[in-house]
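Trainee: What follows is each chain in one-letter form.
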Amino acid sequence: MRLQLSDEDRELRDELRDFFTTKVPQEIRDDVRAGRELTRDQIVESMRVLNSAGLAVPHWPVEWGGKDWTELQRHIWHEELQAACVPVPLAFNATMIGPVIAHFGSQELKERFLPATANLDIWWSQGFSEPDAGSDLASLRTTAVRDGDHFVVNGQKTWTTLGQYGDWLFTLVRTDPDVKKQAGISMLLIDMTTPGLEVRPIQLIDGGHEVNEVWFTDVRVPAENLVGELNSGWTQAKFLLGNERVGVAPVGATKRNLARAKELAGRQLDDPLVAARFAELENELLALELTALRVVADSTDGAPHPASSVLKLKGTELQQAVSELTMDMAGPAGLASGAGDDSALPEWTHLATPTYLNLRKASIYGGSNEVQRQIIAKTILGL
Amino acid sequence: MDFTYDDEQDALREAVRGLVGKAYSDFEHRRQTVLAEPGYSEDLWRQLAEMGILGLPFAEADGGSGAGPVEVAIVAQELGRVIAPEPFLASIVLAGGLVSAVGTAEQRADVLGALSSGERLVVLAHAEPGSGRANAACEVTATQDGDSWTLTGIKEPVPHGARADQLVVSAALPGGGTGLFLVDPSADGVERTGYAAFDGTRAAKVALASAPATPLGEPGADVEGSIATVHDIARIIAGNQAVGALETALRTTTGYLTSRKQFGVTLNTFQALTFRASDMYVSLELTTSLVLWATMVLAEGDPQAVHAAAARAGLQVARASRHIGQEAIQLHGGIGVTAEYSIGSYTAHLQALEQLLGDATFHLRTLAGTVAEHGTLEPV
Numbered sequence: 000m001r002l003q004l005s006d007e008d009r010e011l012r013d014e015l016r017d018f019f020t021t022k023v024p025q026e027i028r029d030d031v032r033a034g035r036e037l038t039r040d041q042i043v044e045s046m047r048v049l050n051s052a053g054l055a056v057p058h059w060p061v062e063w064g065g066k067d068w069t070e071l072q073r074h075i076w077h078e079e080l081q082a083a084c085v086p087v088p089l090a091f092n093a094t095m096i097g098p099v100i101a102h103f104g105s106q107e108l109k110e111r112f113l114p115a116t117a118n119l120d121i122w123w124s125q126g127f128s129e130p131d132a133g134s135d136l137a138s139l140r141t142t143a144v145r146d147g148d149h150f151v152v153n154g155q156k157t158w159t160t161l162g163q164y165g166d167w168l169f170t171l172v173r174t175d176p177d178v179k180k181q182a183g184i185s186m187l188l189i190d191m192t193t194p195g196l197e198v199r200p201i202q203l204i205d206g207g208h209e210v211n212e213v214w215f216t217d218v219r220v221p222a223e224n225l226v227g228e229l230n231s232g233w234t235q236a237k238f239l240l241g242n243e244r245v246g247v248a249p250v251g252a253t254k255r256n257l258a259r260a261k262e263l264a265g266r267q268l269d270d271p272l273v274a275a276r277f278a279e280l281e282n283e284l285l286a287l288e289l290t291a292l293r294v295v296a297d298s299t300d301g302a303p304h305p306a307s308s309v310l311k312l313k314g315t316e317l318q319q320a321v322s323e324l325t326m327d328m329a330g331p332a333g334l335a336s337g338a339g340d341d342s343a344l345p346e347w348t349h350l351a352t353p354t355y356l357n358l359r360k361a362s363i364y365g366g367s368n369e370v371q372r373q374i375i376a377k378t379i380l381g382l
Numbered sequence: 000m001d002f003t004y005d006d007e008q009d010a011l012r013e014a015v016r017g018l019v020g021k022a023y024s025d026f027e028h029r030r031q032t033v034l035a036e037p038g039y040s041e042d043l044w045r046q047l048a049e050m051g052i053l054g055l056p057f058a059e060a061d062g063g064s065g066a067g068p069v070e071v072a073i074v075a076q077e078l079g080r081v082i083a084p085e086p087f088l089a090s091i092v093l094a095g096g097l098v099s100a101v102g103t104a105e106q107r108a109d110v111l112g113a114l115s116s117g118e119r120l121v122v123l124a125h126a127e128p129g130s131g132r133a134n135a136a137c138e139v140t141a142t143q144d145g146d147s148w149t150l151t152g153i154k155e156p157v158p159h160g161a162r163a164d165q166l167v168v169s170a171a172l173p174g175g176g177t178g179l180f181l182v183d184p185s186a187d188g189v190e191r192t193g194y195a196a197f198d199g200t201r202a203a204k205v206a207l208a209s210a211p212a213t214p215l216g217e218p219g220a221d222v223e224g225s226i227a228t229v230h231d232i233a234r235i236i237a238g239n240q241a242v243g244a245l246e247t248a249l250r251t252t253t254g255y256l257t258s259r260k261q262f263g264v265t266l267n268t269f270q271a272l273t274f275r276a277s278d279m280y281v282s283l284e285l286t287t288s289l290v291l292w293a294t295m296v297l298a299e300g301d302p303q304a305v306h307a308a309a310a311r312a313g314l315q316v317a318r319a320s321r322h323i324g325q326e327a328i329q330l331h332g333g334i335g336v337t338a339e340y341s342i343g344s345y346t347a348h349l350q351a352l353e354q355l356l357g358d359a360t361f362h363l364r365t366l367a368g369t370v371a372e373h374g375t376l377e378p379v
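So the protein lines, in turn, are chains W and C. Take the first sequence: its letters are residues 0 to 382, numbered as in numbering that gives the first Met the number 0. Take the second sequence: its letters are residues 0 to 379, numbered as in numbering that gives the first Met the number 0.
Because the hints were derived from the structure by calculation, they are not lab data. From the three backbone atoms N, C-alpha and C, an ideal C-beta is built for every residue, glycine too. Careful: at least some of the hints might be erroneous.
Beyond 10 Å from chain C on every Cβ pair, some chain W residues (computed) [stated by the list, open to error]:
hint : residue
1    : D6
2    : H102
3    : D120
4    : L136
5    : Q202
6    : W347
Label pairs and their in silico Cβ distance ranges [to be verified]:
hint : chain 1 : residue 1 : chain 2 : residue 2 : range
7    : W       : K377      : C       : T360      : 31 to 39 Å
8    : C       : T337      : W       : S367      : 33 to 41 Å
9    : W       : D135      : C       : T3        : 50 to 58 Å
10   : C       : E377      : W       : E36       : 22 to 30 Å
11   : W       : D135      : C       : I334      : 32 to 40 Å
12   : W       : E369      : C       : R30       : 56 to 64 Å
13   : C       : T360      : W       : L240      : 51 to 59 Å
14   : C       : Q329      : W       : P60       : 44 to 52 Å
Please build the complete structure, drawing on both the sequences and the hints.
Mentor: Structure representation (structure tokens):
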């Protein structure tokens with residue numbers, strides 16, 4: 000039992016802190032801090048700055064740009080990124096498809112995609128969920144039928160986050176309709192400029208355009224874009240979804256947002272009811288962060304700690320609770336969400352309610368919190 | 000940053016579990032023990048002394064073994080796991096902690112030696128009617144006449160006060176401030192009325208009428224700060240005891256869900272119940288993390304940091320105790336409120352710990368009072 004980081008870990012933390020706060024453009028970090036929407040260019044630029052120093056994909060295999068770090072060191076990296084308001088490397092590239100290609104892909108696929116994925120030369124989008132396959136992902140119906148050297152894809156995906164920026168799509172398709180549903184799925188990589196592929200925006204309650212539908216009409220995909228074996232897509236999907244262990248709970252960003260909310264609170268903090276809400280959230284967040292540290296410290300064998308579900312569940316609840324507190328502090332000013340630069344009200348009050356509404360998604364995506372409760376009940380509690 | 004125990008600590012846990020866990024492995028034995036006087040097993044207490052457990056936190060020069068808070072926390076977790084009714088908190092942590100912090104070398108050797116060997120039960124008498132959770136003594140006053148001192152007033156509730164062989168009593172000093180005194184409870188002017196609390200543990204009213212008392216440490220010195228710090232330490236150790244109890248409460252509940260049948264199926268068939276058990280697990284994990292952290296802060300020893308950590312652990316423990324304690328009973332159904340079955344007693348004992356050392360509102364008030372000063376919290 001020891002509270003301090005080892006000398007080595009402390010040095011790493013200091014180096015990372017220094018890099019993140021001096022090398023990533025201040026303007027980008029200011030936008031993150033203020034909770035503004037980032038442009039595609041900003042996300043690309045930030046990830047390339049990280050990649051130039053070998054800090055974009057530390058959890059990848061070393062030969063593809065990873066660092067041979069401990070789980071705790073990865074955790075420190077992730078926390079410091081968030082504390083410094085650096086955009087976390089694009090998840091679709093860094094934590095989703097990159098590790099899948101590195102693990103399951105052919106040498107050819109690795110060489111073709113991994114360097115470009117780490118540098119965000121390719122912007123990946125995710126084509127997993129369908130209108131009738133949400134939490135029950137294995138029920139997906141988008142089909143891929145072999146035709147010579149190609150697969151022909153038909154169907155529809157949904158909830159494709161930032162698909163409007165995407166270059167390539169990694170997707171799960173049904174390649175065998177006659178077997179148990181999990182056994183007939185394959186993973187295909189699809190160039191989003193291929194004829195027959197159409198991205199349609201979905202308007203969200205916060206007024207933003209963040210997610211999309213992706214429609215496929217006889218989209219021809221070269222057979223070499225299959226990842227791993229035919230009909231082994233479910234294995235890769237589980238690998239991908241289970242790979243989000245480090246960073247599953249956005250502790251650092253939530254901590255930063257709570258600290259900022261307190262700065263913005265001003266005199267409101269003199270109100271004991273408001274002070275109590277802050278104190279309670281700070282405490283829960285501390286408990287969550289310590290739990291995340293316990294989880295990473297116990298994950299030395301590389302297998303996901305079952306308590307990861309706790310992190311997702313509680314982490315998103317706290318993320319939502321902080322946005323709720325911020326919105327409540329904005330009070331009537333929160334109505335001014337559509338105000339422009341000439342508004343007499345501070346910018347944070349414009350953003351507070353859309354952010355709160357937007358974050359309702361957090362307890363739904365990445366395995367809804369009900370799915371997490373199911374995992375805890377079954378795999379941890381044996382119920 | 001390391002949350003794991005070393006081999007010696009694991010061995011300590013095994014040893015304590017082998018003794019205490021085994022003694023109370025059958026809940027009926029705990030029930031019978033608290034039904035009889037003095038409300039705990041003198042036999043088990045003696046065995047704990049022989050094993051060196053009672054002297055763990057005290058310096059070797061004072062008759063203890065000089066172990067750290069992590070070791071004491073391990074003992075507390077194991078006691079909590081079976082809600083052992085032995086007076087570990089009241090005597091070793093609270094009374095012993097204050098004698099250790101305030102007593103003269105001679106007093107430490109005498110009192111802590113006797114406490115460690117199990118020869119004498121020493122408990123703290125601090126709470127007074129109407130004093131709430133003040134660290135200062137209020138209505139119990141000390142009077143000095145030359146070198147002799149007497150105390151007058153009422154202390155209640157005093158955990159294990161009726162059985163105690165010696166009392167450590169706080170009292171308002173004639174010159175202001177709060178002093179601590181050693182009191183022989185068999186002396187004239189001391190009247191004790193003992194009773195059982197709802198969780199089976201014992202407490203007492205101790206009425207002092209010009210009762211003879213010996214100043215603990217330097218006569219007339221204000222030791223309110225030490226009383227505060229030892230209570231903070233006790234909060235963290237009690238948090239460990241609660242974690243042990245919460246673990247058992249959850250395990251007992253999940254065991255019940257998988258064995259109890261209604262409508263022809265076991266209860267774990269119903270998602271309305273299993274999801275609630277999952278939420279209990281979330282509470283338990285978060286609480287364990289915060290309590291282990293607070294224990295490590297305690298091991299570092301900075302009193303300011305310990306004060307904040309005690310409030311943080313206290314708040315989380317209190318929230319989890321209510322959540323898990325209430326749900327554990329509800330998921331059991333009617334049997335959960337019977338004295339015969341264990342689960343309700345866990346809820347009761349968790350509540351007693353809260354009442355002894357602070358509920359959520361108390362701790363939240365502490366944290367909210369300083370919330371403007373907290374920057375982003377860095378646990379390491």
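Trainee: Now tell me, hint by hint, if it's right for this structure.
Mentor: Against the structure, the hints come out as follows:
| no. | hint | verdict |
| --- | --- | --- |
| 1 | D6 | 12 Å, holds |
| 2 | H102 | 29 Å, holds |
| 3 | D120 | 35 Å, holds |
| 4 | L136 | 19 Å, holds |
| 5 | Q202 | 32 Å, holds |
| 6 | W347 | 17 Å, holds |
| 7 | W:K377 <-> C:T360: 31 to 39 Å | 36 Å, holds |
| 8 | C:T337 <-> W:S367: 33 to 41 Å | 37 Å, holds |
| 9 | W:D135 <-> C:T3: 50 to 58 Å | 38 Å, violated |
| 10 | C:E377 <-> W:E36: 22 to 30 Å | 29 Å, holds |
| 11 | W:D135 <-> C:I334: 32 to 40 Å | 37 Å, holds |
| 12 | W:E369 <-> C:R30: 56 to 64 Å | 39 Å, violated |
| 13 | C:T360 <-> W:L240: 51 to 59 Å | 41 Å, violated |
| 14 | C:Q329 <-> W:P60: 44 to 52 Å | 49 Å, holds |
Checked against the numbered hints above, the structure breaks hints 9, 12 and 13 and satisfies the rest.
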